[in-house]
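Could you build all of it, start to finish, from the sequences and the hints given here?
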Amino acid sequence: MKKNDTAVKVLNILQKEYPDARVTLDFKDPLQLLIATILAAQCTDERVNRVTKDLFKKYRKASDYARADSKGLEEEIRSTGFFRNKAKSIIGCCQELVKKFHGQVPRTLEELTSLPGVGRKTANIILGNAFGQQAIAVDTHVKRVTHRLGWAGSDDPDKIEFELREVIPPDRWTLSCHQIVFHGRRVCMAKNPQCKTCPVADLCPK
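For reference, each letter of the sequence shown is one residue, going 1 to 206 in the numbering used here.
Simulated from the structure, these hints should not be mistaken for laboratory data.
There's no promise every hint is true.
[Said to hold, decoys possible] With beta-carbon atoms standing in for the labels, derived distance ranges:
#: 1; residue 1: 2; residue 2: 57; range: 45 to 53 Å
#: 2; residue 1: 12; residue 2: 75; range: 43 to 51 Å
#: 3; residue 1: 185; residue 2: 12; range: 28 to 36 Å
#: 4; residue 1: 150; residue 2: 61; range: 20 to 28 Å
#: 5; residue 1: 190; residue 2: 58; range: 19 to 27 Å
#: 6; residue 1: 107; residue 2: 58; range: 36 to 44 Å
#: 7; residue 1: 133; residue 2: 88; range: 24 to 32 Å
[What the hints assert, rightly or not] Straight-line Cα separation of at most 25 Å, DMTMM-like style, residue types lysine to aspartate or glutamate; simulated pairs:
#: 8; residue 1: 196; residue 2: 166
#: 9; residue 1: 9; residue 2: 26
#: 10; residue 1: 143; residue 2: 46
#: 11; residue 1: 28; residue 2: 54
#: 12; residue 1: 9; residue 2: 166
#: 13; residue 1: 16; residue 2: 111
#: 14; residue 1: 99; residue 2: 74
#: 15; residue 1: 28; residue 2: 45
Here a beta-carbon is modelled for each residue, glycine too, at the ideal position from N, C-alpha and C.
Given below as structure tokens:
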């Protein structure tokens, strides 16, 4: 069976298993998702959501973050970890938004990745979930699960993205990533994966 055919079968099963698959960061607009995604690096979405509940009430526009006191912002996001780097990225990113994009989050990968602290994964999360474009965002769950399924072999997330583009149907890129993430969290964990109860075990070479 071709890798593409196997992928479609796996994704069809995951779609039935995880009908609620979606981005689990709370947001109401592209800027909120951008900030939340920066904070989510090396942090759980649940913790980020607790932090952004108050953060988003205080900072409503890119210009608010651009003018923020770095020490104050660091304290507000401290519990997400790596808070100094994240505060620097958020302030720098929003200063660029104000300077180059009239305070609006851009809608292209090239423009998004030109922002401080924004790599392809973050950009693809924004494109796929704030703007409704088809995009593959490779996080640790996507990397692990697709490695085990034999869909990707690289250790570089950017290279994995391009490998998956060749395997996953283009009209399913965004949703498939959510389904794979849910599967990685609930069944195909890093340690002690639940292979005996895995719904796609018959299609997994591991």
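Self-check item: residue 185 paired with residue 12, Cβ distance criterion 28 to 36 Å
Solution: 20 Å, violated
Quiz item: Within 25 Å, alpha carbon to alpha carbon, are residue 196 and residue 166?
Solution: Distance of about 29 Å is beyond 25 Å: violated.
Practice problem: For residue 133 and residue 88, compare the CB-CB distance with the range 24 to 32 Å and indicate the outcome. | Solution: Hint holds: Cβ distance 28 Å, inside 24 to 32 Å.
Exercise. Could you grab the alpha-carbon distance between residue 9 and residue 166 and see if it respects the 25 Å cut-off?
Key: 15 Å, holds
Quiz item: Between residue 9 and residue 26, does the CA-CA distance stay at or below 25 Å?
Solution: 30 Å, violated
Quiz item: CB of residue 2 to CB of residue 57, is that within 45 to 53 Å?
Solution: 50 Å, holds
Quiz item: Regarding residue 107 and residue 58, is the given constraint of 36 to 44 Å on their beta-carbon distance met?
Solution: 26 Å, violated
Quiz item: Under the criterion that the straight-line Cα-Cα distance not exceed 25 Å, is the pair residue 143, residue 46 satisfied?
Solution: 21 Å, holds
Quiz item: If you draw a straight line from the CA of residue 16 to the CA of residue 111, is it 25 Å or shorter?
Solution: Roughly 35 Å between the alpha carbons, so the hint for residue 16 and residue 111 is violated.
Quiz item: Going straight from one Cα to the other, do residue 28 and residue 45 come out at no more than 25 Å?
Solution: 15 Å, holds
Exercise. Please work out if residue 28 and residue 54 have their alpha carbons no farther apart than 25 Å.
Key: 14 Å, holds
Quiz item: Taking 19 to 27 Å as the hint, is the beta-carbon distance of residue 190 and residue 58 inside that range?
Solution: Roughly 35 Å apart at Cβ, these two residues miss the hinted range, so it is violated.
Checked against the numbered hints above, the structure breaks hints 3, 4, 5, 6, 8, 9 and 13 and satisfies the rest.
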